[in-house]
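Using the working numbering, you'd call the opening residue of the sequence shown number 678 and step up by one each time.
Hints should not be assumed to be uniformly reliable.
What the hints assert, rightly or not - FRET-style restraints, in silico, Cβ to Cβ:
{"#": "1", "residue 1": "V724", "residue 2": "E748", "range": "27 to 33 Å"}
{"#": "2", "residue 1": "A690", "residue 2": "A814", "range": "19 to 25 Å"}
{"#": "3", "residue 1": "M730", "residue 2": "V762", "range": "20 to 26 Å"}
{"#": "4", "residue 1": "D760", "residue 2": "G811", "range": "18 to 24 Å"}
Don't read these hints as lab results, they were simulated from the structure. Just so you know, these numbers come straight off a predicted model, no measurement behind them. Ideal Cβ positions, reconstructed from N, Cα and C, are used throughout, including at glycine.
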Amino acid sequence: MRLALDPPVDPLAYSFAHRVRVRFAETDAMGIVHHAAYLPYLEEARVSWLRAMGHPYTETRTDGVDFSVVEAWVRYRKPLRFDDVVDVHVAMGARTPTTFQLGYLLRVDDVVCATGVTVHGAVTTAGRPTRLPGWMAEIDLASF
678 MRLALDPPVD PLAYSFAHRV RVRFAETDAM GIVHHAAYLP YLEEARVSWL
728 RAMGHPYTET RTDGVDFSVV EAWVRYRKPL RFDDVVDVHV AMGARTPTTF
778 QLGYLLRVDD VVCATGVTVH GAVTTAGRPT RLPGWMAEID LASF
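I would like the entire structure built from these sequences, with the hints used as guidance.
This is the structure we're talking about:
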């Protein structure tokens with residue numbers, strides 16, 4: 678599966694939002710969040726999304742399935758800064774029997790700061806490809 682989402686900037690297109698606060702350690706010499714710090718924001722929101730769906734990642738791992746990141750993409754639109762409160766919106770995009778994509782929208786107040794996509798492959802604890810858990814087929818796909 679190749680990345681196939683173009684995440685919208687309308688928060689109503691997303692089924693879930695998670696709030697994070699920018700830490701000082703995530704900023705660079707220019708006083709803005711370093712580009713690499715965005716990926717942990719996506720991960721934190723993704724794990725929170727799974728928990729809200731009733732399937733915490735710890736449960737999935739106990740069942741012998743991990744979700745390996747096989748692609749990640751971020752479009753930076755406006756810099757995040759120390760102490761910003763960021764709403765990270767999450768919605769599921771395309772999926773196959775073994776992979777799925779998530780789209781993200783990062784906003785501070787009503788300002789779009791970034792969009793992103795992660796592509797995940799289901800693997801066993803031994804790192805071998807496997808099918809997605811059955812409950813993932815029941816998740817509504819995003820309209821984008």
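Going down the list of hints, with the structure as the test:
At roughly 18 Å, the beta-carbon separation of V724 and E748 lies outside the given 27 to 33 Å, and the hint is violated. Separation of A690 from A814 is about 21 Å and conforms to the stated range, judged on CB atoms against 19 to 25 Å. Taken as a hint, the range 20 to 26 Å holds for the pair M730 and V762, whose Cβ atoms sit roughly 23 Å apart. Judged by the Cβ atoms, the range 18 to 24 Å given for D760 and G811 is violated: they are separated by roughly 42 Å.
When held up to the earlier numbered hints, the structure conflicts with 1 and 4 and fits the remainder.
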